[in-house]
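Participant: Chains as they are written, first to last, in my numbering: chain A, 16 to 415; chain B, 248 to 576; chain C, 1452 to 1685; chain D, 27 to 310.
Treat the hints as calculated values from the structure; they're not laboratory data.
A virtual CB, placed ideally from N, CA and C, is assigned to each residue, including glycine.
A hint or two may mislead.
Now the in silico label distances, taken between C-beta atoms and shown as ranges [to be verified]:
no., chain 1, residue 1, chain 2, residue 2, range
1, B, A539, C, S1668, 28 to 36 Å
2, C, S1462, B, L251, 50 to 58 Å
3, A, G270, D, L109, 51 to 59 Å
4, D, L109, C, S1462, 18 to 26 Å
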Amino acid sequence: MNYMKSFRHFAIAAGFAAATLASAGTAAAQETLTIYDLESLTGPGQTVGVAQANAVKLAVEHINEAGGLKVGDTTYTVELDTHDDRSQATAGVTAVQKMISYGKPVLMVGSLSSAVTGAYLPIVREREDFISIVMGAALFFTEEDKAIYHPRVAVAQYTESTVTFIKGQEGIKRVGVLTDNKHGGFVQQTPRLKELFGEAGMEVVGEEEFSFGATQFGPQLTAILRGNPDVINIRGYGSDVARAIKQARDLGYTGLIVSSSGIVAKDVIEAQADAAMTNARDLFVPLAGDLIEGGRNAEKAKAFADAYKAKFGEESGATSLSAYGGFFILARAIEKAGTVDDIPAIRKVLDDITVAEVSEIIEPMIPQEGGRAFREHQSYFALVVREWRDGRFVPVGFVD
Amino acid sequence: MHRLTAFLPWLLLLAAMAAVLATGNGYYVTVAMLMMLWAILALGLNFILGYAGYFHLGLGAFYGLGAYGAAAFSASYQMPMIVALLVMPAAGALISVVIGPLMLRTRDLHFAVATLALGMIVSDVTNNWVAVTGGPMGMGGISRPGQIGIGALSIDGATTSGMFIITAAIFLALMIVAAIARRSDFVLILRGIKSDDMMTRSLGFSTTRYKVAAFAIAGAIASVGGVLYAHIVQYISPEPFTFFAASFQAFVVLAVGGLGSLWGPVLGSVLLTGLPEILEMDPHVKLLVYGAVLLIVTIVLPRGLASMGRVLSARARASANAKTKEKQT
Amino acid sequence: MADVLRIDNLSAGYGHATVLRGVTIAIEAQSTVAIVGPNGAGKSTLLKVISGLVRPMAGEVRFRDEDMARWSSDRVVASGIVHVPEGRQVFPGLSVAENLWLGGYSHPERRQEILEDVLTLFPRLRERLSQAADSLSGGEQQMLAIGRGLMAAPAVLMLDEPTLGLAPVIIDQMTEALMALRARSNLSLIVVEQNLQLTRALCDRAHILVDGRIAASGATEELVGSDVMKIYLG
Amino acid sequence: MQDIVNGLAQGTIYSMAGVGLVLIFSVVRVPNFAHGEPLMVAAMLPLTLMTFYGVPLPLALLIGIAAAIAMGVFFSAAVFARLSRYPEVALLIVSLALVVLISSAAVMLWGDSPRQTPGGPDIILDLLGARIPIMWLVIMVTALASTVALDFFISHTSPGRIMRAMALNPFAAQLMGIPVKRYHALAFAIGSGLAGLAGALFSLAFAVQSTMGAALALKAFIVIIFAGMGSIWGAFAGGLLLGLVESFGASYISSGYRDTFGFVFLLAVLLIRPAGLFARKTNA
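If we strip away everything but chain A, and leave its shape as in the complex, we get (with noise of 0.2 Å):
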């Protein structure tokens, strides 16, 4: 099977420099382009690290195949130059002092683990050199971290939509609260939610805590299930929060569950949670299949789960759009501030750059004032409602 993958490789490398070298006659002048990824290729990020830099490259390919990047009177191919975090804060930030140490200015994209980010943001907030724009990580950036941009998701984006689809619901008065404690956008943001929740008022009756893999709930919940709630929000991964869900529902809970955990078919199947799933909900920022089902940039989506199959073999994950948009979005901001190695004006375009610029940005990006992708560094989006039903998740509605 590897051996198939990698013939297929092969056959796309070699139409693609087939491709490259007839048009070299005709380009003016042709040059590279470096770009850092920074990624989680193993380690436990493995699963969502691989599927993010896979649409990097995606991305990359997409771009050099249109014949480059324009900037000036020069076109560059774009040659990525991938380091592995292996999950790990202190190889991330040996891999940026590595990027750092060519001297050259550096246009960083990925990061997907918040601590991987936040290990190597003290090194490059202040610099002048270096842009990275983050496609994972669960933190919110502000204008502060001059050097970091984050068309992603941020995680106090999660706790207002999910407190906005709580009030929604009729009857819910108590409830209950499940979080994973070593994800750092989560805790973080769990003062915001129980605040938020008053101010809706809602009384908070349980607030229990779990560790990312964990296996067993029954004590969490059983706690949580003494103060008699209307409806349980569990924040983690997508496998715990299935498990946690079954486990739930073994306990005798039969109420509303709430997650905003980008739960796959797969976490469902691997915790034999399908019985369980009925009357529970996941909020996220939507994946390929649910534009493609809820009618949201249902086309482009589907060009890009199709190419991304052809690729990869595999359907893509869960930030694998999140990558694919924002590395075009670093293109076009290159393109349009005309240089490749001044930082501070590629920056200065970003600031200011619309959604509408950037048109292949697939995921219901929300333009801020004047149409713009960044509200100081910070992208926001439209999330999906998600509800398993017969053997897959289908998209049940959309939070703006």
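Please build the complex by placing chains B, C and D on the supplied structure of chain A, with the hints as guidance.
Facilitator: Below, chains B, C and D alone, put in the same frame as chain A:
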């Protein structure tokens, strides 16, 4: 002749440090700092594990203590690094002295499990006491020291090279202390405890006091390592101080390098933290390699890499002897 | 008469420490041999080498003309060489009966028969059969240790300091029992013993082991009175 | 009531792992930190066999347990038997190395996401206000039954008596002509088999993952330290106690510190009664 061979490793070490610094390459300098960091942790562990023979599997607790203390001093109270560098080892030693007599009532496996539990508890606390440690969000905003020294001798601690010099200075100082300690009565008594606690006690030594001292030295040096880590990476989160990331790794570095040897921690660190970093090893592969190296070294070279020279020369001598014998007969 | 056990130029020790250096001893079938010597001379190590607990570094150990230097301890016992260690080493939590039962591990089919024999030799043990072994007195524990050794139906029984730390009255009883064993036609005894009186009464031949080497060998009567003995044992 | 049930369900796996470990530790006397690995393999293997080779569930579980037993025998015969002359620190290092080798190989094979074996009975009983999935009951009954069986085996059969003797005085046992290595392998086989049984059944009720071994071995050591090393029923009770401590601590104090409750309890026990909670005076 003997004197020269004793100095050779030191010269090599200094030369290697100078070479790394001369490249000015932030990546190599960072990797070298991490190597020194692990050598520091292992040489501290050597006192309680290598000399006294107590399986301390909770070093991460003190490493984390140093790092979180340093982060608090720097980020929350804007104190310079030197404050953390003085206070945290003292705190590490003090805590060790308080809990040491209790922990050291146990030995062998019990002590191993007790220290392991200590490390796990600290990991849990760093992850859950959000108000103080930042929980999984960790703590950032740790500022490195600025300009140190005068005139031509001054360095900028904020740069990676400056931080390297600070780390190297501390590392060398600790190596010299370790080299002196190795020949001291103190370490001799620790080795006596390892070989027979009861007998050592019967000779009139209060072995508990010595064991607690060794435990405290390991804790204090691990805290120094933590302070350095916080200032090298400038961001801390619970993960680097967990059992497999910290306590176990320090244990492996020392065990592979050579329990009770002076250069073992350095050799172990170069092989087990330097190489995997340069080779960008997949973390699972790295663990697999750790396991295999640990297994092979323990069985083939029970006294660690540091004994390799001795073992090889003994073999060479043995085979030379055999040959001369053959000639004679 | 044929030698049941031959030890030739044996060296052995622990790690880098050599304890025995070139020991040569021959033990005739049905004889009773004493190994005497100062503390640390290597007497216990010699027994441990024979019983397969310590591997020889050099030299030969032959049992009925078979090389047994590499035998595991269970094979040694099964072949009929049994070691009753110094300090008795009973199984503390088990009853006397269970201790004896374990001694018969290598001859399960003859257990009952041999048990009767042992209990006849040590009637004390019959009274104590269901008691925990660690509740016995020192002398009784020594009887149990020897009885447990006999349960393996040995051809060679090695006793390491069987009277050490026992009251004189118990030593007399022990001597009696050992004399009875000596009279058995199918048994050789190797006794490590400091008590010269017992040695003299019991053993035909004696070997003096000093600093890992045999310093003298001969008939017990001759050796006991000799200067050699005085020099080494005072 | 539900908290008691939760605690007992979690505690039984500690009990079974602890009972197996107590046997290995007292007979073979090696600090086998790799004890959790056979449990993990027995828990992970059945689903793989079912999905890739179409093996029916009961057979898959049995193969999983057999694999655990085989691992135990391998540890004993191929690893620890060869190291009998090494110092204890070497044994400790080797067992930690085994943990790392096996679990990282397992992660490469199975990934590290938790998963549950399908096909277990999906019935839930209501009992005194607590909800008890029938699989939990099966596990508790099996744990109790296997401990009773092991106790009978140790007290009333010849091999059991021999292992007891080896635990009490290994030196004397060797002098009895007992083939020590064979019984070491047997102790490893039974101990790892119990761990495997626990793992296989557990995978039907809860999610299991390829990195679970180290944590479980640690808990098993905590359990046998509670129990004072030598006692099978002590280990059984210790496991349940640990499960209850964790369950009640997590439910009533703070769920973030769930593991900490067990560790703090362990330290308290070590400090107050270094010999163990249920230790009697004479017991090797």
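Participant: It remains to establish, for every hint, whether it holds in the given structure.
Facilitator: Right, here's what the structure says about each hint:
no., hint, result
1, B:A539 / C:S1668: 28 to 36 Å, "violated, 53 Å"
2, C:S1462 / B:L251: 50 to 58 Å, "violated, 38 Å"
3, A:G270 / D:L109: 51 to 59 Å, "holds, 56 Å"
4, D:L109 / C:S1462: 18 to 26 Å, "holds, 24 Å"
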